[in-house]
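Listed below are the residues making up each chain.
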Amino acid sequence: MQSRIVITGIGVVTSIGTGREQFWENLLAGQSGVSVVESFDTSGYSVHRGTEVKNFNPAEFLVNLDASELGRASQFAIAASRLALTDAGLDAASLDPPCVGVSLGTTSGEPREVERFDDSYVNNELDKVGREFIGRYPCHLISAHVAEELGFAGVNMMIPTACAAGNYAIAHAFDVLRRNRADVMLAGGSDSFSRITYTGFARLGAVAPEICQPFDRNRKGMIPGEGAGVLVLEPLKRAVARGAHIYAEVAGYGLSCDAHHMTAAHPAGDGAARAMRQALDESGVRPEEVSYISAHGTGTPTNDRLETIAVKSLFKEQAYRIPMSSVKSMLGHTMGAASAIEAAVCALAVQDDRIPPTINLDAPDPECDLDYVPNHARAHTVNVAMNNAYAFGGNNASLVLRKYKM
Amino acid sequence: MRRVVITGAGVISSLGDTPAAMHALLCEGRSGVRPVELFDTALLGCPLGGEVREFDARKYLGRRNLRPLDRTSRLVASAAQLALDDSGCTAEMRAEQEVGLVLGTMFCSVHTISEFDRRALTAGPSYASPMDFSNTVINAAAGQTAIMHNLRGVNTTVSTGVTSGLQAIAYAADLIRCGRERALLAGGAEELCFESFYGFDRAGLLCRSNDHENHFPIPFDARRNGSALGEGAALLMLEDAESARERGARVLAEVSGTGCAYDCSRGRDEEKSVEAITRSMRLALFDAEMLPYQVECLSASANGSPRGDRHEAQAIAKLFGGHARMMPVTAIKSMLGETLGASGGLQAASMLETMSGGVLPGIPRLEEFETDFTLSLAGAASQTTDVSVALLNSVGLDGHCCSLIFTRREEFN
Amino acid sequence: MNTDEIRAAVKQSVANIANLDASDIGDNASYKDDLQLDSLTILEIAVDAEYKFQVKIPDDELSNILTVGDTVRIVQRHLAAPAIAAA
Chain Z
1 MQSRIVITGI GVVTSIGTGR EQFWENLLAG QSGVSVVESF DTSGYSVHRG
51 TEVKNFNPAE FLVNLDASEL GRASQFAIAA SRLALTDAGL DAASLDPPCV
101 GVSLGTTSGE PREVERFDDS YVNNELDKVG REFIGRYPCH LISAHVAEEL
151 GFAGVNMMIP TACAAGNYAI AHAFDVLRRN RADVMLAGGS DSFSRITYTG
201 FARLGAVAPE ICQPFDRNRK GMIPGEGAGV LVLEPLKRAV ARGAHIYAEV
251 AGYGLSCDAH HMTAAHPAGD GAARAMRQAL DESGVRPEEV SYISAHGTGT
301 PTNDRLETIA VKSLFKEQAY RIPMSSVKSM LGHTMGAASA IEAAVCALAV
351 QDDRIPPTIN LDAPDPECDL DYVPNHARAH TVNVAMNNAY AFGGNNASLV
401 LRKYKM
Chain E
1001 MRRVVITGAG VISSLGDTPA AMHALLCEGR SGVRPVELFD TALLGCPLGG
1051 EVREFDARKY LGRRNLRPLD RTSRLVASAA QLALDDSGCT AEMRAEQEVG
1101 LVLGTMFCSV HTISEFDRRA LTAGPSYASP MDFSNTVINA AAGQTAIMHN
1151 LRGVNTTVST GVTSGLQAIA YAADLIRCGR ERALLAGGAE ELCFESFYGF
1201 DRAGLLCRSN DHENHFPIPF DARRNGSALG EGAALLMLED AESARERGAR
1251 VLAEVSGTGC AYDCSRGRDE EKSVEAITRS MRLALFDAEM LPYQVECLSA
1301 SANGSPRGDR HEAQAIAKLF GGHARMMPVT AIKSMLGETL GASGGLQAAS
1351 MLETMSGGVL PGIPRLEEFE TDFTLSLAGA ASQTTDVSVA LLNSVGLDGH
1401 CCSLIFTRRE EFN
Chain C
2001 MNTDEIRAAV KQSVANIANL DASDIGDNAS YKDDLQLDSL TILEIAVDAE
2051 YKFQVKIPDD ELSNILTVGD TVRIVQRHLA APAIAAA
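Quick mapping for you: the protein sequence lines, in order, are chains Z, E and C.
All residue numbers for the first sequence refer to this note's numbering, where the first residue is 1 and numbers rise by one.
All residue numbers for the second sequence refer to this note's numbering, where the first residue is 1001 and numbers rise by one.
All residue numbers for the third sequence refer to this note's numbering, where the first residue is 2001 and numbers rise by one.
It is worth saying that the hints were derived from the structure and are not from the lab.
Some clues are possibly wrong.
If the Cβ cut is set under 7 Å, some of the chain Z residues that face chain E in the computed set are [to be verified]: (1) Pro138; (2) Cys139; (3) His140; (4) Asn180; (5) Asp183; (6) Gly205; (7) Pro209.
Using 27 Å as the maximum straight-line C-alpha spacing, the simulated DSS-like pairs for lysine-lysine come out as follows [said to hold, decoys possible]: (8) Z:Lys237 with Z:Lys403; (9) Z:Lys220 with Z:Lys312; (10) C:Lys2056 with Z:Lys405; (11) Z:Lys405 with Z:Lys237; (12) C:Lys2056 with Z:Lys312; (13) Z:Lys220 with Z:Lys54.
Over 10 Å on every C-beta distance to chain C, these chain Z residues come out as not near it, computed from the model [to be verified]: (14) Leu28; (15) Gly89; (16) Ala264; (17) Asp281; (18) Pro287; (19) Arg354; (20) Pro366; (21) Asp369; (22) Asp371; (23) Ala377.
Fair warning: this is a prediction, and the values are worked out from it, not measured in the lab.
Every residue, glycine too, gets a C-beta built ideally from N, C-alpha and C.
Take these sequences, add in the hints, and give me the full structure.
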């Protein structure tokens, strides 16, 4: 019998709130985190909006490390980790360091560090580049910084599988715990707002000018964003023994690759459906038992249409009955953090039996004809939640959470 | 729990494009570390690198359109083709069965990322290349390789710095052991490029030599003063032992144990660093249900770094005790350079050759031993040795440690 | 730059991006139907043309570039635009 793994702590840093309580309240209220981009000059672009985290003060979360020596994604990840530990009622100092691990995902690592390098390069000022470039840029430093700040010496994993990375990192933590390679895992994702990412999506014509409106007939694209989401995962036995609050149980996951195209999803949703199928199989859950799907739902015309096809291909008629919302309508696309934040959303939905809405959904699209929970949060019993994420490279990841029952 | 066997290996390295060719040169003590030709080294304090010269992916991938693939992706797709061929995993097999890919890389391509950004900065954001953008994600090489070879199983990129390659193999082995996957390519890759090279140089991590005649790096030597960067790609075909047997695949070795640990002082505190490296090796042995004395040789991560090599030497001495005086320790980064994400896969490919051919590469130029390294370091020359249990080590710059145990077992042959 | 020169340059760019022989590309070849290119590659061709000829093609016009002929025409029009304004 494999050990059961549960979620006992949630920490988030987002454009609509830092910390579980504020985040969840604003999410259920349908608040948008979209604002005018401030972290770099967008005057040369045809779009100007993003979901940046404003007024983030890293010093609030740093005890051992100096904020000036860390990239922004590391700062977010540390903040979300501390929030998650506190939420779980765990004191970092009381844990056995080699038995606590960190598994995080990201799309870009610390892109601002390479952007600074590029600025020096184009201005013929390469002599300005010092040891901090290699000291801050590589993405493995995000999980390293979290472990260094908190003193955790167990598994330290960074999985940069782009926009599905958070789910991959949580899945890995789940396996690590099941194999008894750790007692507690911090798992999630982090990404900072990036000029490079913004430039790329803008060039692809994938960025919406005003708002993100997934599944709406008039949707114009995604809104790039930033943030972090970290969960505390631990074996059920341990959680029960210490009297921890349990949000949800991680029931299983599925990973697959389209092997079709770098940026476009498979036209029939092949890989996405395989990942969902595997996640259900491992969880021992029948399709009709799924009570909520957290969609990848970026708001681009193609993603939302193909995602709808993929869900229908697996769930058949049941697809119309399962509420499926996209919190990216509010949070924008927080890249590698997105599916980690969405996993937190699923855990909260499972706990509270409340489903956050897809906002800005006013004009139904005939090709997107499922129940996307338009504009208003909904009370709904959530026994099983499925978290879907898709990424560049054709990477698909589905995670299944369920209500914890003895 | 299922058992994991290695049924093939593919390498692209500065010393050749088959494990056998590379290993033969390593055993001759030949170095791939030479003056870099790939980019201008005028701004660099160390002009030496383990470059894959005259690399042409068309040799491995044929007439397919390679424009969408950057150098890192080409290295990975080429090594993947070689590993698939070596294991006899045909296109028909991949159409029937989901084969996946777990790739370790530190940067994927910081060159592509930087170049994409620089063109947008100088010409304006509307001139940014859409195709290059798709390669700015750190999982680009894994994605491109999956498309090229129809790898529809798990596709994960692992990035834990220098340890990425071994960590990727460990991750893949665990997926097979718990029955999630049956066949996975796993290993690592890294390209040599100006951006990362300049960064390492500015950070003072590269070796310095007044005469650029291949005198450095020298892992474990008292005169060591830094590493040289290198590049390459190395992938192993890992399979569930049962499936491999059913299809009659040749088995090179078993991945019998994996371990990893983290040093949260990130190498600054000697005691903590040595403890983490020791723990990583101990966990791998525990996972393999073995004791230290059973290990017959060790491939070290040592690359010429003053601090890193010392900590690794002490950890080996601490864990293996008296046995450390008998068990030969080699360090092939002395000849390939520090190939970062590729290093673990290259160590693995070389070790498989040692296990099948009985020759272990030496550490060229190693002459001045540190008096407190109580190890049986491989001398400058290669040696014949019969190895059926080997330990591979990878130790990062930022506290990451990963270890693997490879075992040769007659039962699989 | 006359039409023939622009066409030759566009074909060369398409050949490089799509791994084709420039002489195999028709004057009015459709990127999708004749050359079997995906949307990312077609966008790359359009942006490459903008970059090489140093013209700025508005986003809504980019989506109208479906053939070699479209690319040549739009590049030519934008190259001519400043001259007309100056006249």
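(message) lysine 2056 (chain C) and lysine 405 (chain Z) were given as a pair; does the straight-line alpha-carbon distance stay at or below 27 Å?
(response) violated (60 Å)
(request) Measuring Cβ to Cβ, find out whether aspartate 371 (chain Z) lies farther than 10 Å from everything in chain C. (result) At about 30 Å from chain C, aspartate 371 (chain Z) clears the 10 Å cut-off, so the statement holds.
(request) Quick one: work out the minimum CB distance from proline 287 (chain Z) to chain C and report holds if it exceeds 10 Å, violated otherwise. (result) About 32 Å separates proline 287 (chain Z) from the closest Cβ of chain C, which puts it past 10 Å; holds.
(request) Please confirm whether alanine 377 (chain Z) is truly not at the interface, meaning its C-beta sits more than 10 Å away from all C-beta atoms of chain C. (result) holds (35 Å)
(message) Please check whether the beta-carbon of proline 366 (chain Z) is more than 10 Å away from every beta-carbon in chain C.
(response) Since the minimum Cβ distance to chain C is about 22 Å, proline 366 (chain Z) lies beyond 10 Å and the statement holds.
(message) Just to be careful, I want the Cα atoms of lysine 220 (chain Z) and lysine 54 (chain Z) compared with a cutoff of 27 Å; is the pair within it?
(response) The given pair, whose Cα atoms are some 24 Å apart, holds under the 27 Å limit.
(request) Using 7 Å as the Cβ threshold, decide whether cysteine 139 (chain Z) counts as touching chain E. (result) Holds, because the Cβ-Cβ distance from cysteine 139 (chain Z) to chain E comes to roughly 5 Å (cut-off 7 Å).
(request) Take a quick look at whether lysine 405 (chain Z) and lysine 237 (chain Z) sit within 27 Å of each other, Cα to Cα. (result) holds (13 Å)
(request) Verify that the Cβ of aspartate 369 (chain Z) lies farther than 10 Å from every Cβ atom of chain C, and report whether the claim holds or is violated. (result) holds (24 Å)
(message) If I take the minimum Cβ distance from leucine 28 (chain Z) to any residue of chain C, is it greater than 10 Å?
(response) holds (36 Å)
(request) For the pair we were handed, lysine 2056 (chain C) and lysine 312 (chain Z), check the Cα-Cα distance against 27 Å. (result) With Cα atoms ~41 Å apart, lysine 2056 (chain C) and lysine 312 (chain Z) exceed 27 Å; violated.
(message) Using the nearest Cβ pair, does histidine 140 (chain Z) come within less than 7 Å of chain E?
(response) Cβ of histidine 140 (chain Z) sits 5 Å from chain E, so the hint holds.
In terms of the numbered hints stated before, the structure departs from hints 4, 5, 6, 7, 10, 12, 16, listed from lowest to highest.
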